Structures are given as C-alpha cells and as structure tokens.
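Novice: Model the full assembly from the supplied sequences, consistent with the hints where possible.
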Amino acid sequence: MSDLVQIRKIVTIVEEIRHDGGPTPDRPVRRAACLAVIRNPYAGRYEPDITPLMEALKPLGMDMSQRLIAALGGDVTKIESYGKGSIIGLAGELEHGACWHVPGGYAMRELLGSAKAIVPSATKVGAAGARLDVALGHKDAAGGVDLLQRQFPALLVGNREGSKTGIGIHVAQHDLVGGKRRRQG
Numbered sequence: 005m006s007d008l009v010q011i012r013k014i015v016t017i018v019e020e021i022r023h024d025g026g027p028t029p030d031r032p033v034r035r036a037a038c039l040a041v042i043r044n045p046y047a048g049r050y051e052p053d054i055t056p057l058m059e060a061l062k063p064l065g066m067d068m069s070q071r072l073i074a075a076l077g078g079d080v081t082k083i084e085s086y087g088k089g090s091i092i093g094l095a096g097e098l099e100h101g102a103c104w105h106v107p108g109g110y111a112m113r114e115l116l117g118s119a120k121a122i123v124p125s126a127t128k129v130g131a132a133g134a135r136l137d138v139a140l141g142h143k144d145a146a147g148g149v150d151l152l153q154r155q156f157p158a159l160l161v162g163n164r165e166g167s168k169t170g171i172g173i174h175v176a177q178h179d180l181v182g183g184k185r186r187r188q189g
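Heads up: the sequence shown begins at 5 in the numbering used here, then just goes up one per residue.
By construction, these hints were calculated from the structure, which means they are not laboratory data.
You may find that some hints are simply not true.
[Stated by the list, open to error] Listed next, with one range per pair, are the computed distances between beta-carbon atoms:
| # | residue 1 | residue 2 | range |
| --- | --- | --- | --- |
| 1 | L94 | R22 | 31 to 41 Å |
| 2 | E97 | R12 | 11 to 21 Å |
| 3 | K13 | E114 | 22 to 32 Å |
| 4 | G26 | K128 | 25 to 35 Å |
| 5 | E99 | R22 | 37 to 47 Å |
| 6 | H23 | R49 | 42 to 52 Å |
| 7 | I17 | R43 | 30 to 40 Å |
Just so we're clear, the structure is a prediction, and the values are computed from it rather than from any experiment.
Here a beta-carbon is modelled for each residue, glycine too, at the ideal position from N, C-alpha and C.
Specialist: Written out as structure tokens, the structure is:
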C-alpha cells in the first residue's frame, strides 16, 4: 500500500434481520459494512492534485470488498446491492472523500463480476463519531425497471473515531437471501 494510505483501523460489521414486520422470511436478510479509518494526507492544507490518493486507495478498495464478500458467506451470486461513502474529518474537504468513489466502486463491481449499475455513494465532512447513511442500490439496476422499484433501505454506519484525524471510508454491501423484499408477481 502507498505511503498516502495509512490505515488506523478496519471494522467489519454484519447485521442479520430475522423479522422486520410482515411475514418472516425463509432466510434472514444479511447486511454488512466494512469501515476503514485512514489518515487524510491532505488535511489542513490545499493540495492542487489529489488524484494520487485515488490511485493509492485501489488496494484498500479490493481488500474491503473481499472482507465484505467473506463476511456475507463468500457467495457473490447472493449479493444483490451495494453502496459506498466516506466521512472526512473537519480539517479535510469533500473532494478528499470523493477520492474513494472510484476505487471503492470499481473494486465491488469487479469482484461481483456481473454488476451493471454504478455504486451509489455519499460523502460528508463530519466530526469524530459522525455517522453516514449509505444509500444502497441494486447491483444490476441498469437491467430494468423491476430492479429499480425494489426497496433497499440505507445502511447507517459510523465509528466513534472515524473522522477524528482523517477520512473514514465506509463501504456497504447488502445480501438479500430470504425473498422478503422481492417483488411479487
């Protein structure tokens, strides 16, 4: 990994929803998020060219996406939706977090193989402990209206020290296995 990317911590979270109103699904809905807290190399100063950070984040994007796939059981065919986002510390700029969007999105799409849709994203500047609603979209939403009409609630993620001194990167993937939200008919 590049000197630009100094990782403070990585956290992987898996949530299993067994019942959320309505009929109980045959299998629980599983949602996962992987969060990396990294030092912002551009915090507190102007940098005219921040594109080197985008390139340097590519290995982290792959690593986090692999962790998510493993956390959800390893079967990429069961992963239906995804999202990504970043929280930048108060000494940073929105553009610093935007450096995550290409490496985070392409890594997920590459590892999932057949994903057709762009990965939804969110970015904000926040203090330590800030949380982010990561919008989730179907990985194949470009495939038709039926997929666009399915519901994928946002995933709220955060870390108590996530943006204390740098960039908190949040990647979320969503595994729908129970048919609970599948469109009927």
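Novice: Each of the hints needs a verdict: does it hold here or not?
Specialist: Hints, one by one, checked against the model:
no.	hint	result
1	L94 with R22: 31 to 41 Å	holds (38 Å)
2	E97 with R12: 11 to 21 Å	holds (19 Å)
3	K13 with E114: 22 to 32 Å	holds (25 Å)
4	G26 with K128: 25 to 35 Å	holds (32 Å)
5	E99 with R22: 37 to 47 Å	holds (41 Å)
6	H23 with R49: 42 to 52 Å	holds (50 Å)
7	I17 with R43: 30 to 40 Å	violated (22 Å)
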